[in-house]
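*Asks:* Start from the sequences and build out the full structure, keeping to the hints where you can.
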Amino acid sequence: MLEILGGLLGLAFAAGFVGSLSGLGGGVFIVPALVIAAHMPMVVAIGASLISVVATSAGASVAFVRDGWTNLKVAMVLECATVTGAVAGALLAGMIPPVVLEFLFALMMLQSAYFSLRKQGDELVPHGDEIARKLDLAGDIPDESGKTVHYEIVQLPAGAALMVLAGIMSGLLGIGSGALKVMAMDYFMHIPLKVSSATSNFMIGVTAGAGALVFLSRGNVSMSVSAPVALGVTAGALLGSRILPHANARVLRLVFTVILILIAVEMGWRAVKGI
Amino acid sequence: MATIANPGISEEDRILRVWTPILLRTILIVSAIVLVVGLFLMATKSPDNYVTRFHAAQRADFIEPTTFVQLLHLAAAGDPHSVLMVGLFVLTLVPLARVAFSFLLFIRERDFAYVAFTAYVLAGLITGMLLGSIG
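Chains as they are written, first to last, in our numbering: chain A, 1 to 275; chain B, 276 to 410.
These aren't lab readings, by the way, just hints derived from the structure by calculation. A portion of the hints provided could be inaccurate.
Said to hold, decoys possible - Cβ pair distances, simulated, as ranges:
hint: 1; chain 1: A; residue 1: Glu-3; chain 2: B; residue 2: Ile-308; range: 20 to 26 Å
hint: 2; chain 1: A; residue 1: Leu-2; chain 2: B; residue 2: Ala-335; range: 30 to 36 Å
hint: 3; chain 1: A; residue 1: Gly-146; chain 2: B; residue 2: His-348; range: 34 to 40 Å
hint: 4; chain 1: A; residue 1: Lys-147; chain 2: B; residue 2: Ile-409; range: 51 to 57 Å
hint: 5; chain 1: B; residue 1: His-348; chain 2: A; residue 2: His-127; range: 56 to 62 Å
Claimed, not checked - Computed footprint of chain A on chain B, listed as stretches where at least three residues anywhere in the stretch have a Cβ under 8 Å from a Cβ of chain A:
hint: 6; region: 286 to 295
hint: 7; region: 300 to 310
hint: 8; region: 349 to 361
Glycine included, every Cβ here is placed at the ideal spot set by N, Cα and C.
*Replies:* See below:
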């Protein structure tokens with residue numbers, strides 16, 4: 001038993017560590033790790049991953065919420081969209097052939113890779129939409145010099161639509177869909193990148209939690225796999241977040257993106273072989 | 276990391292920012308302790324059962340107890356597998372708990388738009404659980 005347990009803990013620790021350092025989250029790494037290295041079927045890997053993503057989201061959110069980077073109101077509005085998608089996705093995951101899931105997973109990994117390589121910069125808008133104003137969604141953050149910068153929010157419906165998709169992918173594939181969420185907030189809604197990342201991280205808890213509850217209540221979660229995976233991923237993510245401020249973010253991002261593309265190719269190849 | 280000083284911050288927001296992290300951290304620690312205890316019990320009481328279940332998972336074969344009440348009884352009796360399951364359930368309740376907390380706060384503050392949003396999210400989480408146990 002101890003060899004299996006140790007192996008799973010090590011695998012999960014590495015996935016959590018890499019997920020946290022790359023900013024892509026543990027899910028995109030733990031699912032392929034379980035499928036390729038531990039010979040687990042997709043459904044077991046997805047269930048285990050969803051639960052561990054809930055844990056890392058909660059752990060990482062603590063500091064962001066306390067220090068005011070998370071826009072809680074935006075999170076609560078958009079969670080309506082992600083929770084709808086996630087429940088639908090998790091219910092569908094039981095019916096869709098594993099080959100399709102593996103293929104979709106490869107696609108989502110490529111989206112993550114594209115996301116992490118894309119040029120990033122904040123484009124703030126002077127006036128928010130009427131709906132954003134009514135819901136009091138705008139916020140303030142400090143810029144590099146410590147001066148307060150006010151940001152307004154636009155295109156809430158477009159952002160919410162993308163959040164439904166992020167939810168579906170999360171429930172289907174066991175990932176947090178952080179790359180899609182940040183894109184919706186940063187690109188469509190013009191929320192500053194750092195606020196988008198913190199808010200996405202916070203929302204991932206509800207998205208993955210919705211999927212995890214479907215899997216758990218359906219009895220589709222293997223305790224002997226999920227328990228060590230949840231502990232390992234959380235510990236790895238904690239260490240990663242401690243090291244991150246001292247690391248060269250650009251080099252890390254490049255290295256992890258290459259790893260991501262390689263895993264995407266492997267998952268895609270498995271899907272093709274399975275057809 | 277810099278803390279954002281915002282004099283215009285509402286009471287509602289202030290309460291959320293203080294209590295949400297405490298709620299998240301507490302549940303996380305409790306579930307981690309339950310999971311570690313469960314794995315320890317598994318290693319000392321029934322390591323063979325663990326290996327059997329691991330190989331069953333590789334065949335997508337889930338051998339689980341049926342009802343939640345049954346599960347709690349088994350966990351209380353120290354059945355390692357049920358202790359693990361309770362730990363994972365507690366962990367999954369983290370988002371549910373913090374949405375429920377915001378929901379109650381928004382009711383107190385009479386912020387009805389956000390009462391509606393959080394109620395919808397809660398309903399979604401509970402629906403997922405119910406649909407999962409039926410389907």
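*Asks:* If a hint holds in the structure, say so; if it doesn't, say that too.
*Replies:* Hints versus structure:
1. Glu-3/A - Ile-308/B: 20 to 26 Å: Because 24 Å falls inside the window, the suggested range holds.
2. Leu-2/A - Ala-335/B: 30 to 36 Å: For Ala-335/B against Leu-2/A, whose Cβ atoms are near 24 Å apart, the range 30 to 36 Å is violated.
3. Gly-146/A - His-348/B: 34 to 40 Å: 57 Å, violated
4. Lys-147/A - Ile-409/B: 51 to 57 Å: 54 Å, holds
5. His-348/B - His-127/A: 56 to 62 Å: Once the Cβ atoms are compared, 59 Å apart, the range 56 to 62 Å for His-127/A and His-348/B holds.
6. 286 to 295: holds (count 5)
7. 300 to 310: holds (count 6)
8. 349 to 361: holds (count 3)
Consistency note: the structure conflicts with the earlier hints numbered 2 and 3.
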